[in-house]
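*Asks:* Chains A and B, in that order, are what the protein sequence lines are.
Just so we're aligned: 83 in our numbering is position 83 of the first sequence, and the numbers increase by one with no gaps anywhere.
Just so we're aligned: 1008 in our numbering is position 8 of the second sequence, and the numbers increase by one with no gaps anywhere.
The set of hints was computed from the structure by calculation and includes no laboratory data.
Hints may be right or wrong, so weigh each one.
So the derived list for chain A, only partly shown, Cβ under 7 Å to chain B, looks like this [said to hold, decoys possible]: (1) 164; (2) 168; (3) 169; (4) 172; (5) 174; (6) 177; (7) 178; (8) 179; (9) 182; (10) 184; (11) 185; (12) 191.
None of the values given here were measured: they were computed from a predicted structure.
Think of the CB as a built atom: it goes at the ideal place given N, C-alpha and C, for glycine as much as any other residue.
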Amino acid sequence: MSSGFLQFRRRLVDYAATFTAAFLSAIVVGTLVAIFAYLLIKGAGSVNWAFLTHTPKPVGEIGGGMANAIVGSALILGMASLIGIPFGIGAGIYLAEYGRNRLGAFVRFTADVLNGVPSIVIGLVAYGLVVFTQGHFSAFAGGVALAIMMVPVVARTTEEMLLLVPQAVREAAFGLGIPQWRTTISITLASARAGILTGIMLAFARVAGETAPLMFTALGNQFWSFSPNQPIAAVPLQIYTYALSPYDDWHRQAWAAALVLVALIVGTISLVRFVFARSTLREAR
Amino acid sequence: MATAVEVRDLKAWFGKTEALHGINMAVEQAHATAVIGPSGCGKSTFIRCLNRMHETNPDARAEGEVKVGNADIYDMPAVDVRRKVGMVFQKPNPFPSMSIYDNVAAGLKLNGTRNHKTLDDVVERSLQQSALWDEVKDVLKKKSGASLSGGQQQRLCIARALAVNPEVLLMDEPCSALDPISTAKIEDLIFELKQRLTIVIVTHNMQQASRVAEFTGFFLMGNLVEFDRTEKIFTNPSDKRTEDYITGRFG
Ligand SMILES: Nc1ncnc2c1ncn2[C@@H]1O[C@H](COP(=O)(O)OP(=O)(O)O)[C@@H](O)[C@H]1O
Ligand SMILES: [Mg+2]
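Isolated chain B (complex conformation) (with noise of 0.2 Å):
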């Protein structure tokens, strides 16, 4: 068992108003972690302070540390961080002026590889890592993202998260915007995944989260309630507001 990152203390900003209250968490590597709670809680904001995302809007903040494998990422420069901590979004979000295939490369070609070998391997295996390859390998670069349909579209982020090959990828709602045959596509790619990847998803569906993580931190109101197994947390959580939540009290 090894720790992928480490979270103390983490308290987070918006303008005045404070967002999540000290956070500890200890992210396992490769396994999958899952985030639930009712909407608002801070689920977003804590994964967003994990690849210092929540800094690029402007009157956010956050205090505390954050470490992944030996590193604090706020020591570190910002573009930085985000190569080794990747991010899927809830909505999926193409680059729109981009062919499928500079969509995957984009990462690597704007921060300087020109070598076209390389980004060809990169495009192709990342896309098979996304289950993508056999849909799209004819169309690569006839085709533009936003052509895709919308569960096609969430594999490519997922391509083009994998593209600058990440250690850690976080995933926000990443199928709450997809149908159930796309969904379950995604879920399996998780599954894939998590053999070399540590992954941090949020998600609103607890079947979801019982299929496909090992361990499960419940949020409220910006505090971490109860982190643990996932078994545990569904079948016999310690803390009465998580059995309130899961068993659908409230929320």
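One chain only, chain A, in its complex shape (with noise of 0.2 Å):
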């Protein structure tokens, strides 16, 4: 009798543990569903094929899209992830393999702190090292920007994905005659990077939705502009001017701009993954 309720009692704590992770998923799930469905209903309506392929109209004229500011913000996201994305890597690589000592400690703590920096400093720094140095505003500084917060999240993520393939996987390299560098390359690098794609995406979707540290070093661009070297346009800058203008159709076009923007950011993710899971598809277990 006393065994019957024992497992009674047990399968009341499973029930409940399972109902409240259940539940707490929902909560998790249900945040981001409503986002999703707040951009929609405010600015679906908004999106249109003016809103994608032309530059702002003049203030005071209804219509005109944010096509420059969507390519601007590529342009520098492009930027960012070209110098971000190696640095990162590079550093995590170094502190994986390399960095059990003083400087490797050392590199990690920065890398840390780097981290908890606010994004307007970031822009500051970028401000001071490239527009200042420059003497204009450019492309190319929001992408430095966005880079120098790019960098401590890759590098960070590349050292535990890299820490949790096995020592033996190494072993079996060193094992065949395989040089170090050649060993951590096609490798142990090969082994993490489910993992280290998981940390760029991360990065990546971070930096993509900043506006602080695009204010004073890509500055925005009314006009279109393909150039690193003037000002551009971007969404995150767009949406910021437009939700703080005193018109209506700038609201409108705000709503619509921070949907684009995660159905980019989302896009991109999705495409990576999908093109990421096509070329390990034969090593399917």
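With the hints as a guide, dock the two chains, each given alone in a separate frame, to form the complex.
*Replies:* Written out as structure tokens, the structure is:
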């Protein structure tokens, strides 16, 4: 009889735990769904062909779009990724494979602090480094600011993912007479690539929505620009300007821009995941 | 009778702790030599000194002379030593991100061999030699090395080691993670391989030592207590400590 009670209690605890976990997951997913739904309701009506293909109209005129800001954001993020990802992965490799010493501890600490520095401060640093020395605002300066923000995230996830690769895998490579640098690139890094990719996507998504570091670097632009050396428009900057404006049409466009920004981030991440999943299909267990 | 590996006064340390206290051994070419002894007596440390894997541990150090053929391995680049003296580990450790084919080809590919014909040939030959070819020939590039069973993984690791064409193969308790059938397959394999290759195998299984090896060395607390023909070690050991160990009186 008491064993029946014990079984009953175990089952009850099991149900309670499962329910709690499901409930908390639902809250997380629900928040995300709510954000998407709200953006869709507020913004979908204003996303039209003109919005995606035209530049902004002068103040007071209805219509126009954010084509230049969408392209601008893509350019800035492209430059940020081109700079930030290699530095981040390089630093992560150093930390995981060579960084069991004082210098490694120092680099790790620096990365963690950098990760916590407010983005507006990073913007000021990029201003000092690039804008001030070049004498003008530029897309490149914006790319540098976002790259600085990407580096610590990419570096720390790369380190953690490399450390998850069992030492036995490295030993197997050394045992074949494969030099350490080759082992790191072709075996350890390859074994950890799924996790590293997640880290990169996380860093990308995080900086894609940043506004503050672009204010005094990329600056914004009402017109087309494809030059890394000119001030350039960016979607978050446009959202900021339009949302604070007194015009209803601009408010609508700000919502549309927010929707487009989120769609672009989700789209990029999905595309990368899709391409990556295909390239590793043959390894399916 | 020719000596494949000559060890003279080999000492090894982990930090300040001396794990091997001056080992001398002449390993016979194209034969199998077993290394036995209780846990922690230095068997792994000893064979890891024979291909300079010992020093991949940052606070490990070794001293003494190890000659493979006529060359002192401590006068050669470590990567060259490890191509001459291959290694199979206690736990099967295929490269998880690679197909079966790439696992076997890794040693050649990552050292610069690009020719597809050469790689195909070596992969087939190595998998034949490790008696795995028939089981995997249809899924070579489709399945990952990690998708195989434990015994198959270990034979894959043997194929991978054979692919770089070593003179000596070190095996550190290669069957300790395997079931009896897989173990028997690996023992058969050792029989085949030692026709051409010198094998040094660590084992805690004395029946295994007597089945596969012509020579056996008994280690105790970092010393090589006795080294002789296997049947001598197991039937008529010269040292009291060896006798105690093989009769199960301690260890
Ligand atoms: N990575 C290590 N760091 C410090 N000491 C070690 C390490 N590996 C082994 N040792 C020590 O060296 C001695 C020999 O170990 P090992 O060669 O692994 O023994 P066996 O393989 O015979 O069981 C043991 O006393 C062990 O504690
Ligand atoms: Mg051992």
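*Asks:* Now tell me, hint by hint, if it's right for this structure.
*Replies:* Structure-based check of each hint:
For residue 164 of chain A, the interface hint is violated, the least distance from its beta-carbon to any beta-carbon of chain B being 11 Å, above 7 Å. With its C-beta approaching chain B no nearer than about 4 Å, residue 168 of chain A sits inside the 7 Å limit, and its interface hint holds. The beta carbon of residue 169 of chain A comes within 6 Å of a beta carbon in chain B, closer than 7 Å, and the hint placing it at the interface holds. Because the smallest distance between the Cβ of residue 172 of chain A and any Cβ of chain B comes to about 5 Å, under 7 Å, the interface hint for this residue holds.
The criterion of a C-beta within 7 Å of any C-beta in chain B is met by residue 174 of chain A, whose closest approach is roughly 5 Å, and the hint holds. The interface hint given for residue 177 of chain A is met, as the beta carbon of that residue sits about 4 Å from the closest beta carbon of chain B, less than 7 Å. A distance limit of 7 Å between C-beta atoms decides the matter here; for residue 178 of chain A the minimum to chain B is near 5 Å, and the interface restraint holds. With a least beta-carbon distance of about 5 Å to chain B, the hint placing residue 179 of chain A at the interface is held under the 7 Å criterion.
Interface hint status for residue 182 of chain A: upheld, as the beta-carbon distance to the closest one in chain B is roughly 5 Å, under 7 Å. The beta carbon of residue 184 of chain A comes no nearer than 11 Å to any beta carbon in chain B, farther than 7 Å, and the hint placing it at the interface is violated. Using the Cβ-Cβ criterion of 7 Å, the hint placing residue 185 of chain A at the interface with chain B is not satisfied: the shortest such distance is roughly 9 Å. The beta carbon of residue 191 of chain A comes within 4 Å of a beta carbon in chain B, closer than 7 Å, and the hint placing it at the interface holds.
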